[in-house]
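Following the hints, position chain F against chain W.
For the record, the sequence lines run as chains W and F.
Taking the working numbering, the leading residue of the first sequence gets 206, the next gets one more, and so forth.
Taking the working numbering, the leading residue of the second sequence gets 120, the next gets one more, and so forth.
Keep in mind that the hints were calculated from the coordinates and are not lab data.
Among the hints, a few may not be true.
[Claimed, not checked] Which residues of chain W face chain F? A few of them, derived with a C-beta cut under 10 Å, are:
#1 Arg271
#2 Leu275
#3 Val301
#4 Ser302
#5 Ser306
#6 Ala325
#7 Ala326
#8 Leu392
Here a beta-carbon is modelled for each residue, glycine too, at the ideal position from N, C-alpha and C.
The lines below spell out each chain.
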Amino acid sequence: MRRNVRERLRKALGRRSLAALGVLAAGLFGLGFGASSCVGEAGLEAYGCPNPAVFTASVSPYLERRCGTLDCHGQATRPMRIYGQLGLRHPAENNVSGGVSTTQLELESNYAAVCNLDPAAMQQVVDDLGSTADKLLLVNKARGLERHKGGKIVNEQDPGDLCILGWLGFKDAATVAASCTAAIEPLK
Amino acid sequence: MVPVSHGRRFAVLSFAVVLGVGAFGCNGNDPIPQEVLDDLPAEQGSPSALHRPGQPCLSCHSTYGAAAPAFAIAGTVYKENAMGALAAAPNVKVEIFDSAGPSRFACTNAAGNFYIEKDKWADLTFPLKVRAGQRSMNSIIGREGSCAACHKLPSDDRPGNGAGHDSAGVVIVDDGDTDSICGGGAP
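This is chain W alone, in the form it adopts within the complex (with noise of 0.2 Å):
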C-alpha cells in the first residue's frame, strides 16, 4: 500500500521535483537550526550612541511619558522596549507601576532599546555628530513620517522633537533638558 502511495506520488511528481522538496527540506531544516544557535553576545555589546548622560537625565524621562506608557512602547511585545515609574517595570526589580521612580537599570535598558532600535544608522549619527539624525527610525516614526501604530507623536521643531534631535545632536545637556521639560510639561 505505501510503495503504491510512494510509486504514484513520484509518478505524478517526477523524480526532479521529490529530490527539489528534499533539497527545500533540508534548507529549512538548516534555516532553523542555525537560527536558534545563539550569536556570540558579548560581540553584540558595544553599540554607537550619543550621550547616555544626557539621555537618562533628559530624553529618558519623555520618552517614559510619551512612548512608555503600559499600551505602547511599554509592552513587553513591542520593539524599543521602554520601562519607567508609571509604565512597564523590568523584570529583574521587584517594582510596580506607578511605584518607585525609574531606576538606573531601567534607564539603561531604555538607552540600550532606543539606540538598537536601527543601529547602523544610530552609528553613523555617532560618526557625523547627529547631521543624519532624520534618516533614523526613532525619528520619522516619531514625526509620522514612517508608519507607526501610535501615529504622528512629534511636529518638526516642537519641543518633543527638538528633546531627540538636540541629544542625537550632541548638544550640551541643558539646552537638551529645556526642550524635554517643555516636551513633558503638557503630558502631565
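Chain F alone, transformed into the frame defined by chain W:
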C-alpha cells in the same frame, strides 16, 4: 500551448495552496488580541452592561471582537470597602480628555462599568487624559480604549489592587467619590 512538467505544475499548485491557506489563516486571527480573548474567563450569566467588570472591554467590543456595541473607551472603577477589599464604585463621573476636542464623560453603573460607544465618539484622538471622580491618571493613554488592558485585576502574581510589572492596578476612587450628574450624592 507550452507543455508544463508534472513537477512545475505541482510547484505552482503547492504555491497557490500555501498562499490560500496563509490568506485564510490571517483573517480574524491576530495573535495578540486573540490571546487576550482566549484568556478571558467564562461569561457569568448573560451579557449586559454589568457583565465582566475589570476585564478589557474592547477585546470584544471592537472591530476584532465583533461584540455590539463597539466601544471607543470603556472600563471599570473600584473603591475599597472598610475591610480593604475591592468593590464596584457606581455613580462615578469618568471624564476623558482627548487630544483634539472638548472632553466627554461617562458614568459608572452598579458594576462600576462605564463606556462610550465608538459611533458616539468616532473622532476620538489619542493620546487621552482621564479623570475618574477626583483622581486623575498620572500618565497619558497612548492608544488603548480598554482601561483594563493596563489596569489589571488582582491575580496570584499581582495581589492587592492588581499593580505589578505590567499593570497599574485597578482604577480606585475614594469611597463616596460620586457625582450628582451620575446619580450620586456629591456635586
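Practice task
Quick one: which hint numbers does this structure break? Sort them smallest to largest.
Solution key: 5, 6 and 7
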